[in-house]
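S.K.: If you want the building blocks of each chain, they are given just below.
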Amino acid sequence: MQDLTDLYQSVILDHNRRPRNYRVLPQANRVGHGDNPLCGDKVTVYVQLEGDRIAGISFQGSGCAISQASASLMTVNLKGKTIAEAEVIAADMHKLITTGAVDEGNLSDLAALAGVHQFPARIKCATLSWHAALNAIKGEATAATTEKPED
Amino acid sequence: MDRFLSRSPVASGREREGDENDFPMNKAWANLRDDFPVLHQQVNGHPLVYLDNAATSHKPRCVINALAQFYERDNANVHRGIHALSNRATAAYEAARERSARFLGAASAHEIIFTAGTTDSINLVACSWGGANLGRGDVILLTEMEHHSNMVPWQLLARRTGARLRYVPVLGDEGRLDLSQLDRVLTPEVKLFAFTHVSNTLGVINPITELCARARACGAVTVVDAAQSAGHLPIDVGALGCDFLALSGHKMCGPTGIGILYGRQALLDAMPPWRGGGSMISNVEYFESRWAPAPQKFEAGTPNIADAIALGRAMDYLDDLGRDAIARHDEKLATLAYARLKAEVPGIRLLGPAEHRSGVISFDLPGVHAHDVVTFADQEGVALRGGHHCNQPLMRKLGLASTSRASFYLYNTEDEIERLIAALRKIQRFFAG
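Chains A and B, in that order, are what the protein sequence lines are.
Just so you know, we're using my numbering here: the first sequence kicks off at 12 and counts up by one.
Just so you know, we're using my numbering here: the second sequence kicks off at 136 and counts up by one.
Next comes chain B alone, as it looks inside the complex (with noise of 0.2 Å):
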């Protein structure tokens, strides 16, 4: 905890009133909105306010810059080069693997995997381990509230090879996984338990400790989907004891096009590969060929090199920040969000519980449609997302064709929700006029 024990007011340069014991933050955190070069610009004539963080946050300098230092000083190919840039990069991008290992908590670095994203990591854990684990009868379980990428391949898995879909079901607007069901949907039939960390439509942070363990206790390999938590809370895969975990670069600071799939080492010994190519092999004959280990086996064709390694620099960042600060941060912003939303915006509709949840809140206006929403936040400079946010099954059950979707991060600040606020009054009044 010494990280935190030094404290500055927090980015606005503001003094918070009374609220530093329950908020202290190191000296990263100052001037942090100075780290990220694009939100210092204006929006059709006002202040960018970017409020669509679950769909990608914004990039530190530090991390464009090691996408540049990587490409003017180190640029070669990976693995099995000799000469000295080629060294280079395989000591970076390895590197990043380690880097990687450590931020989540995985036993050793062989159990990273870099991926496209967490769809691309998800579809490899559906093609490989559950083409080659699942059959007919058995059951692959979900909640009600994934994103369809974390839908989408199991259905196709369960087309495949004959599986069955079940559904954890979601309570109502607040979101929360009905876990009194749980007992009935998890049963001996069900080999795999895929769920999201966090909600990109809710908001909720799921009990997945307790997930993880209810299904290891009934056999079920377990898939976390940390797309919206990775960057935003702790994670440690061996506390959590999931069986595989899936992020992407892009939503935790880092570029787009790379992501993880963490998965324990003695499943992915086990796994075929899902793609053939270079570097995934340790011998090829003309009729046959035999797989090198996990990480590589996996990892077909030229890596993305230097994301992996900005996405290592990103690591870098969110921890100097510290990321249960940057938790409790998103959660105060939330929060202070949710509350003002509901009492200063007549008749809002707001998804998601008003407290312990993350920084995504989703919304309804009564008679405003989210693209008109959308559409006038942005004339005010205040970036949002309308639509079914990929979460289609989940709106229609919540009887909604879509909704409004404001998602804080670490640069947010309490100036940005009276300037959400204000647009979203000011949308009402013009639609009721």
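Chain A extracted, bound-state conformation (with noise of 0.2 Å):
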């Protein structure tokens, strides 16, 4: 399973067995759903602005442990990060996932997930969860999903 330790690393597996902030945000002004119908994953992404600061951010939704350890970490890195920060990192990280180019400083923990692109069936399971909280910032109604053109 050497490969395999590139995707599954211990602090994927660390997030998906234990994830973070995975409950209901009561507070939450701002709600994302994702889903892959492909493989029926699905994600809801609550986030609670207080002007342009995401003051909290939470998750639920069932998948696969890429799927679940993404949007754990995702939470923990969003938290207290500025609408347009966040805009970055969530760039970042589409880059991070679909390419394995880990630009320097802001992604920490979330390099976690570079193993990622070397499974191109896998990609779409990390990025999930990141185009639902995208969409709740950005106030959208409708669902993230995995079947668009630029995934």
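If you are wondering where the hints come from, they were derived from the structure by calculation, not from laboratory data.
Small disclaimer: the values here were computed from a predicted structure and weren't measured.
It is possible that some hints are incorrect.
Stated by the list, open to error - Covered, in the sense of this in silico footprint (three residues per stretch, anywhere, with C-beta under 8 Å from a C-beta of chain A), are these stretches of chain B:
| # | stretch |
| --- | --- |
| 1 | 285-298 |
| 2 | 504-511 |
Stated by the list, open to error - To give an idea of the interface, some chain B residues facing chain A are shown, with a C-beta separation under 10 Å as derived from the structure:
| # | residue |
| --- | --- |
| 3 | Ala352 |
| 4 | Trp409 |
| 5 | Pro501 |
| 6 | Gln514 |
| 7 | Met530 |
| 8 | Leu535 |
| 9 | Gln563 |
| 10 | Phe566 |
We put the CB at the ideal spot given by N, CA and C, even for glycine.
Both chains are sitting in their own frames, so use the hints and assemble them into the complex.
M.R.: If you want it as structure tokens, here you go:
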């Protein structure tokens, strides 16, 4: 399983086993949904925006270890950030997940997802919750779906 | 039964212990894996163990050669051709139709319509027969285990015609139909009853002869989805008494993009066409046309000539092995795999019956999502499928988001069950760690 330890790093296994911020956020004023119709994965991201700052963020859903860990790591890393900062992190993450490229600095433990790009079938698992979070922040009513051309 | 009398060890060449009487194989089974070029490769450093046969089967060399030979020697468009190649192509295409009629026990080749596959076949019935015969107040009866391809076309038809859908319930994880409910749901308003022969998720084999008889007694037309059974079990539409039967070539050693709709002649004769174009007409005027008789009425445009011919070759291959013997081989592997998975993989939740089943086994490993299972197994060279298997409503009913699925076919071996179990144990250790 040498190759798979790239994909399933201990950070990912830990967040899969004990997902952080896995709950409904009662004070949320934004909600974003994501679903992957091909595999049935679903995620709901709850965001509490105060001005342009993410004061609280949580998620619920079902999916594989990659999708759960990615969502969990996301909530930890986006909490307290401004919308602009969150969008930069999300863009860096998209690049990381699809190419494995790690920009110096601001991804920290999120870099655990760098191995995903070697498994093309699993990229959508990692990006789903991020699409849902961006939808929530932008206040879009529609569900994020993995079946969009930009993926 | 003559073809089963000659006994030889199964494909792996290993002698079996004391089971020759219940598992006789003819000589076509010897070295059968050599017939499938794709099986002989390494995946991620391990010999490939292909257990995704419910999605698609592999193709024996004779089928691949039939495709190549058609394009190298006989390629031409069929029907109305005068030249030599067109005559050869037409003869081979129509011979494949005759072969298909024999394969299914149809009364005549006129009852065989070539389609793109099971989905296409079911849509044909829904559009043509359904559009002409269903209306408000009528009921389409399905079962809760249907593949989306035997569900969504009927939903579309119901929306168009005002007919309603109704379902025969499935009983728990074992996945049998609740036949005690049949009297309740199979009422005189039911005009059509569509059901699968073998479930692609549960591996259960439905009592389709009984279902056809009950539907007939009620005056309902029957549609059998044989996608998971046509290459695995003997089928005789005459003995079965169904009105329509749909199958896909690629799940039975044939090419992708070709399938069959069997339809009872009297029904086909009365049905309107569903697609217009060349080949399906007898006379065309500027403002109206007359149709050719079935099956041409339902085959507008240039058909899938090469794949139909290769499908006929696949039927030869399956019948050389014997569909009875294939069924016994599938059941033996699936029963063994079910018992061993249950005994050797702690906590595993298995779907479908323990015995008297097809080669499809779905399972859930607690705490490990199906997509993680499939990714790990792939690293061990074991090809599985994970997801909802085009069975979303059934998954919801069983309280599952997705399952992993191993599906066996004629070239699989007991050694491959060993590899499957070893991979699953390794996955459990990894995620428990």
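S.K.: All hints are to be evaluated individually against the structure, with a verdict given for each.
M.R.: Okay, the hints, checked on the actual structure:
| no. | hint | in the structure |
| --- | --- | --- |
| 1 | 285-298 | violated (count 0) |
| 2 | 504-511 | holds (count 6) |
| 3 | Ala352 | violated (38 Å) |
| 4 | Trp409 | violated (27 Å) |
| 5 | Pro501 | violated (13 Å) |
| 6 | Gln514 | holds (5 Å) |
| 7 | Met530 | holds (7 Å) |
| 8 | Leu535 | holds (9 Å) |
| 9 | Gln563 | violated (12 Å) |
| 10 | Phe566 | holds (7 Å) |
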